[in-house]
Each structure stands twice: as C-alpha cells, then as structure tokens.
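A.B. asks: Okay, here's what each chain looks like letter by letter:
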Amino acid sequence: MSSIKKPPNNSYTFSFIVILSFCCALILSLLASALKEPQERARDLDRSRQMLQAAKLIDPQGHFLIDGEPARWEDNRFVKGTKEDIATDNEVLEVFKKRLRPALVDETGKRYTFEEAKINPSEYVIEHEKEGYAYLDHKLIYEILSNGNNEVSGYVIPVNGYGLWDAIYGYLAIETDGNTIIGITWYDQKETPGVGAVISDPAWQKGFNGKKLFGETSGVDLSRVPVGIVIVKGKVSEVLGDSPKAMSAVDGIPGATLTGNGVTKTLKDILNQYRPFLIRLTKEGR
Amino acid sequence: MMTKTPLRHYFTDQLWNNNQILVAILGICSALGITNRLEVAITMGLSVTFVVACSSFFVSLLRYKTPDSVRMITQLAIISLFVTIIDQFLKAYFFQLSKVMTVFVGLIITNCLVMGRAEGMAKNVKPLPAFFDGLGAGLGYMWVICFVGIVREIFGFGEILGHRVIPLSWYATAEHPDAYANFGLMVTPPAAFFIVGIMIWITNTLSGKDS
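Protein chains in written order, with the working numbering: chain A, 12 to 297; chain B, 691 to 901.
By construction, these hints were calculated from the structure, which means they are not laboratory data. Be careful, since some hints might not be right.
Calculated pairs, DMTMM-like style, for lysine to aspartate or glutamate (alpha carbon to alpha carbon, straight line, at most 25 Å) [claimed, not checked]:
#	chain 1	residue 1	chain 2	residue 2
1	B	K789	A	E140
2	A	K201	B	D758
3	A	K217	B	E849
Pairwise CB distance ranges, derived in the manner of DEER restraints [to be verified]:
#	chain 1	residue 1	chain 2	residue 2	range
4	A	D57	B	G796	53 to 63 Å
5	A	D57	B	G852	35 to 45 Å
6	B	I856	A	E127	34 to 44 Å
7	B	W860	A	P255	36 to 46 Å
8	A	P255	B	P867	46 to 56 Å
9	A	K94	B	Q786	29 to 39 Å
Glycine is no exception: its CB is placed at the ideal position from the N, C-alpha and C atoms.
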C-alpha cells in the first residue's frame, strides 16, 4: 500500500479507542434491549417445556402425553392424538398455565396457595430463581393437575445445587405418595459438554422414572431415614444387584462421576428441606 | 495484492485453495468440539461466516484510521461486537441450539481464522474485497465442518439432521448380537481429529504439496 501511516500520536490513539469502545457499547446495549423480550420468552418457553417434560405431560420430541401415549390439546384438555401432533409454542405455554399450578409449602409441610400467603407468584418466582426456593420460609412447589379436572395428580419440586463446574437447575416431579419419581429434567447447567452435560439428555433422565426417594416407606420413621436417591458409579444392576437400595439408585454417566455426585448431593439437600412436606404426603397416601 | 485481482477470486480462493481448516490449519478447536451433529455444524458455520465477513469489512473500513499500536485491540473489539450480536440473536430465536452450542459461540472470538483474516487480509485491502474474502473463509470453514458433521452423525447416531438414515432393523439386538452398532468414537471429539486429518492429507495430495 502506498499510504504512509501518521506518526504515533498518543491523544489520537486514545480518542480513537474511546470512540470505538463507545460505538461498540452503544450498538450492543441497543441490541440487548431490543432482544430482551424474545430472549425472556424463549427462556420461559424452555422452562415450561422442561417442567412439563419432568411431569410427563410432554415428551422431548414435542408430543403431549396421556399416560405415555401421544395427545392433542383441545378445549382445555388433552384428547388422544397421533405422532403427527407436535405441540406449538403457544400450546405449551397454555398447557403449562392450565396443568401446573404454583403453590407454597412451609417448614411444617403445610400446603397453601399464593393468595393465602399474599404473594405475587410471578414476582416471587423471578426474585428467587437464582438461589432456589428450598431454603425460603415459603417454598415453591407446582401441583400437577389431572387431565380435564383439577385434581392434583403429582407435584413438581424445583431443584438446584452444584455440579462439577457451576450451578445446576432442574425440576423433579413426584407422585402424590411423596416417594415415587415421575421424572426429572435439568434445564440449566454448565457441565463438560459430552460428559457431565449428559444430565440434560432425556435418555439419561429416563433412568429416574419410577425410582423411590426414600426406598421402602412402610414401617419406617421418615423423619430419620436419609434421602435414598443416589447416582451410582457404573450401572445399578452391577453395583447393587437386587438389593432394596437399587429402588433408589440411578445409572451413573461414564466419565462424569463428579457431576453425578453433585446431582446426588443437590437432590439430598433440596429434598431434606422439603422433607416435612413429603412426610405429610406419604401419611395422606396411606 | 499489487496486481488487480477480480472480486470473485477473493471468494473462491478461500473456499478451496486457501481453505482455512484444510490448508491454513486454523479454527481446528471448534471443528473438533461441536461437529457431532450436522445441525450444530451448520449453525456454527453460519455464525462464523457472519462474524468473519462483517468484521473483515469493518476492519478494512477503518484501516487508515486505526493507529498501528492498537491495531489488534481494534480488530478484537470489532470481532467481539459481532460475536456478541450472533450470541444474543441465537439466545432470542434459537434457544435450543444456543443451549447445545454453549460456550462455543462466545469462543468464535478466539477462533484464529477470524483474526487471521483481519490481520492477514482485511487490513491491507479495500472493504469489498475484504468482505468477500471473509465470506469465502467462513463458507470454506463451514463446508468442512458440515462434512465432518455428516460423517460423525451418520456413524455416531445413524441419523442426519435428526432423521434416521441407518434403519433400526440393522442394529444388533439380543437375538443378533453381531449386527450393526453405532460407532461410539464418532460421538467424541477425537473422531473429528481423524476425519479432519484425513481430509488435510487428501487436499495436500490433490494440490501436489505432499511430496
């Protein structure tokens, strides 16, 4: 090139960088505010999907489910559908509102509504989403409502803790007996891609279905028995065989023992906070 | 660039003769990291193409204004501006994909090929050639990682873009334990290392560099 560069001039260099940074910052902040709404919507949609997935109301491919069979959303209820019926985004949000109802429990395990506690649900959910709801005085749960009527057929407990690298967030759905797991999903994690990140893979999450939180509950003092659910190192059938502990054990992820330990600890810590509520459920169930 | 080269030459040169992965051996990290599904490879390829093309254009636009002492910082600021734009955009409209791509979108900033193009070409030529050079570099990168993605998805999952191509009836079952099984290595990054290695070998042989 024939151009001759100007001799270095500090004030020119300095002002060049300031202007450049200012322009970049301006563009990015404009963009961030413009995209805030679609980003929040995308995140909400993902959370709703993940919670419905834990409650087995939708499968990872996007079909609504009645007892594991594909369904369609019509007139505020699920009707039998085919494999072609893929849920739209709006339907997912609507089903989330209609079939999952947020509620609160206190440290004695008593269940009450947001209105009774005079708390605004959406503000409460956003305010505490980072540190989780298990250690608050009012702990969050979601009631899973049956198809067509408003009977409670299960509960979703938001769980959060630490994996290997960073915080992990998920939803644990349990049946009304307070012991059997319906399903689990992890919607936010920063574990090693391909190894620990497998916790967000539905194929692995399937291993939780039907497992027991406390193992056998009849004739056991639930206020003393430790939370039994555990991620083992290796395959459950090889590690525990037919022992009763296998009822609460889930196959580990090869190469992700530490993430597995993090998940186990997370579930133990959170479920210990919800223990009075779970004990109440097992008593009611009998 | 003393002699006048036609615009399209900047573009085609990057696609094959000076392919960033196969010839310059740049951008290998992400080529290994996130090519186990074709869908992810396409998204990554498009993102990188957008970032290289736009940042090359603006680096070139500012080439007489930029003081030499802060040249690299300026390039980095421009590159990170576009990476952040693409990252925010994916989070807003392709949330599921952005979850799969995780840190790799942010890491486009450190992808050597982006800065390589800014430093090696864009700061020396006019904006339009720089833009086409960046576009070619990005698309050259894209076709390579898409090819790796196709190979890995077929042999690792038996699918392409999530659609099954290897029929389930071929797979080994309890009755036929000797039948076909997915190639587990293909899911992990080392597989891409072998595929890219073989592709570089073939290109070198074809271009006669391999003596």
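A.B. asks: So, for every hint listed, does it hold in this structure?
C.D. replies: Right, here's what the structure says about each hint:
no.	hint	verdict
1	B:K789 x A:E140	holds, 19 Å
2	A:K201 x B:D758	violated, 39 Å
3	A:K217 x B:E849	holds, 21 Å
4	A:D57 x B:G796: 53 to 63 Å	violated, 19 Å
5	A:D57 x B:G852: 35 to 45 Å	violated, 18 Å
6	B:I856 x A:E127: 34 to 44 Å	violated, 56 Å
7	B:W860 x A:P255: 36 to 46 Å	holds, 40 Å
8	A:P255 x B:P867: 46 to 56 Å	violated, 32 Å
9	A:K94 x B:Q786: 29 to 39 Å	violated, 20 Å
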